[in-house]
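Enquirer: Chains as they are written, first to last, in my numbering: chain P, 1 to 45; chain V, 1001 to 1382.
The hints are simulated quantities; they were obtained by calculation from the structure and are not laboratory data. All C-beta atoms, glycine included, are put in the ideal place defined by N, C-alpha and C. Treat the hints with care, since some could be wrong.
[As the list claims (entries may be wrong)] Okay, derived cross-link-like pairs now, DSS-like style, lysine-lysine, Cα gap no bigger than 27 Å in a straight line:
{"id": "1", "chain 1": "V", "residue 1": "Lys1109", "chain 2": "V", "residue 2": "Lys1208"}
{"id": "2", "chain 1": "V", "residue 1": "Lys1075", "chain 2": "V", "residue 2": "Lys1158"}
{"id": "3", "chain 1": "V", "residue 1": "Lys1317", "chain 2": "P", "residue 2": "Lys38"}
{"id": "4", "chain 1": "V", "residue 1": "Lys1195", "chain 2": "V", "residue 2": "Lys1346"}
{"id": "5", "chain 1": "V", "residue 1": "Lys1195", "chain 2": "V", "residue 2": "Lys1308"}
{"id": "6", "chain 1": "V", "residue 1": "Lys1158", "chain 2": "P", "residue 2": "Lys38"}
{"id": "7", "chain 1": "V", "residue 1": "Lys1253", "chain 2": "V", "residue 2": "Lys1308"}
{"id": "8", "chain 1": "V", "residue 1": "Lys1308", "chain 2": "V", "residue 2": "Lys1192"}
{"id": "9", "chain 1": "V", "residue 1": "Lys1308", "chain 2": "P", "residue 2": "Lys38"}
{"id": "10", "chain 1": "V", "residue 1": "Lys1075", "chain 2": "V", "residue 2": "Lys1195"}
{"id": "11", "chain 1": "V", "residue 1": "Lys1075", "chain 2": "P", "residue 2": "Lys33"}
{"id": "12", "chain 1": "V", "residue 1": "Lys1253", "chain 2": "V", "residue 2": "Lys1208"}
{"id": "13", "chain 1": "V", "residue 1": "Lys1109", "chain 2": "V", "residue 2": "Lys1192"}
{"id": "14", "chain 1": "V", "residue 1": "Lys1345", "chain 2": "V", "residue 2": "Lys1192"}
{"id": "15", "chain 1": "V", "residue 1": "Lys1346", "chain 2": "P", "residue 2": "Lys33"}
{"id": "16", "chain 1": "V", "residue 1": "Lys1317", "chain 2": "V", "residue 2": "Lys1346"}
{"id": "17", "chain 1": "P", "residue 1": "Lys33", "chain 2": "V", "residue 2": "Lys1208"}
{"id": "18", "chain 1": "V", "residue 1": "Lys1317", "chain 2": "V", "residue 2": "Lys1192"}
[To be verified] Facing chain P, according to a computed beta carbon distance under 10 Å, are these residues of chain V, among others:
{"id": "19", "residue": "Phe1130"}
{"id": "20", "residue": "Ser1201"}
{"id": "21", "residue": "Arg1204"}
{"id": "22", "residue": "Gly1378"}
Below, each chain spelled out in residue letters.
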Amino acid sequence: MDDMIFGITLMLVGMGGTILTLVLISVTVGLIKRLFPKEHRAKGR
Amino acid sequence: MVDAILNALTSLLMGIGYLLDHGLPNVVMILVSFLLFYLGIRKGVEPLLLIPIGFGCLLVNMPLSDVMDKGGVLKTLYDMGIINELFPLLIFIGIGAMTDFGPLLENPKILLLGAAGQFGIFITLLLSLFLGFSKLQSVCIGIIGACDGPTAIYVTSKFAPEILGAVSVAAYSYMSLVPIIQPPVMRILTSKREKEIVMGSMGRGVSKETRILFPIIVTLITGLIAPMGLPLMGMIMLGNFMKESGVVERLTKASQEEIANAVTLFLGLAIGGTMEGHAFLKVETLIIFSLGFLAICFDTVAGVMFGKLMCLLSGGKINPLIGAAGISAYPMAARVVQIEGQRYKKTNYLLMHAMGANTGGQIGSVMTASIILSVLKGLQLI
């Protein structure tokens, strides 16, 4: 594979993959926060 | 008898003879080790790393030194924990155990700044390819832009051990130079009005369940999307999981202190051992240092520009300066943001927001490395 094609492929897939994965983590954390809000424990007591 | 004594005395002077005949690169590297001592002791630049690296460098450059020969002390350390990537992974457990992801969990959108802060990796990778480095060497040079020493060592020791010394010294040096490298870029790219944006206070906190589930979620997602990086991310998240679980304090403390300290010493010495003058003093080393510097500048540019975009989309509620903290140099980059913010508005406290972006940068850098490794595997280059 040509060096520049390799570099651009890695840049597109690497950067895109990183952004998508972090979006996925961010959304999942948002859901977890809704499932287990901070107040959850205080109300339970 | 006299001959024997003369021979014995001559053997004592062999080192000096070697140094005079072939030792100029070694003399230069001994001076470099003095520079590393100076930076570590007088300037406080990453002393925990630069002191052992400097001493390893000093030892390996002494004339006729056998510390990096088979069975030598530094070679043994190198084989024990660098070539098989064990040391950086053990350090990652400590980093996970030391990191508080709380600010990030309070505002998970900030995690995206941790992606923008990795842009420099790819620009540097392209530049390295353009300058004639091999594909795998270029990846390793680009990883300096992760601003993450253990990740740089992990990837380089695996795929381009011939440039390990240059890459790791560059990674750690530039990590500690973040307070010098970032501010000019931040000032140029943001307007006075943007710099003065006051962000709302944090502090509602997140539940213990969220804190405990976070490392598990990140491990699962990394394992599914980029399994080649699972050792890296898995170790950080193991450390954080132990910390947040609150039930293995002894293990957490050992990871934060004893294990991290011992491994840092061994890692530094072994890295120093790769800095033998004849192998290290090449034009390509200087190019690697220059590219590493550019990588961190590009990271900062991308982070601040992404911060500006988030500022725009949030209706001016996000201060773009926090974008600069989306790199892995923790907590230095966050502190830089706080200081810069207060230069323009004394009452502005960006620290916790910047800490969120900074921990996002830690995850982002490891995630990027994980994805790169998985793509390389997919392309059958490794």
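Enquirer: With reference to the structure, classify each hint as holding or not holding.
Expert: Structure-based check of each hint:
| no. | hint | in the structure |
| --- | --- | --- |
| 1 | V:Lys1109 with V:Lys1208 | holds, 19 Å |
| 2 | V:Lys1075 with V:Lys1158 | holds, 16 Å |
| 3 | V:Lys1317 with P:Lys38 | holds, 24 Å |
| 4 | V:Lys1195 with V:Lys1346 | holds, 11 Å |
| 5 | V:Lys1195 with V:Lys1308 | holds, 10 Å |
| 6 | V:Lys1158 with P:Lys38 | violated, 42 Å |
| 7 | V:Lys1253 with V:Lys1308 | violated, 39 Å |
| 8 | V:Lys1308 with V:Lys1192 | holds, 13 Å |
| 9 | V:Lys1308 with P:Lys38 | violated, 30 Å |
| 10 | V:Lys1075 with V:Lys1195 | violated, 50 Å |
| 11 | V:Lys1075 with P:Lys33 | violated, 48 Å |
| 12 | V:Lys1253 with V:Lys1208 | holds, 19 Å |
| 13 | V:Lys1109 with V:Lys1192 | holds, 24 Å |
| 14 | V:Lys1345 with V:Lys1192 | holds, 10 Å |
| 15 | V:Lys1346 with P:Lys33 | violated, 33 Å |
| 16 | V:Lys1317 with V:Lys1346 | holds, 18 Å |
| 17 | P:Lys33 with V:Lys1208 | holds, 10 Å |
| 18 | V:Lys1317 with V:Lys1192 | holds, 15 Å |
| 19 | Phe1130 | holds, 8 Å |
| 20 | Ser1201 | violated, 15 Å |
| 21 | Arg1204 | holds, 6 Å |
| 22 | Gly1378 | holds, 9 Å |
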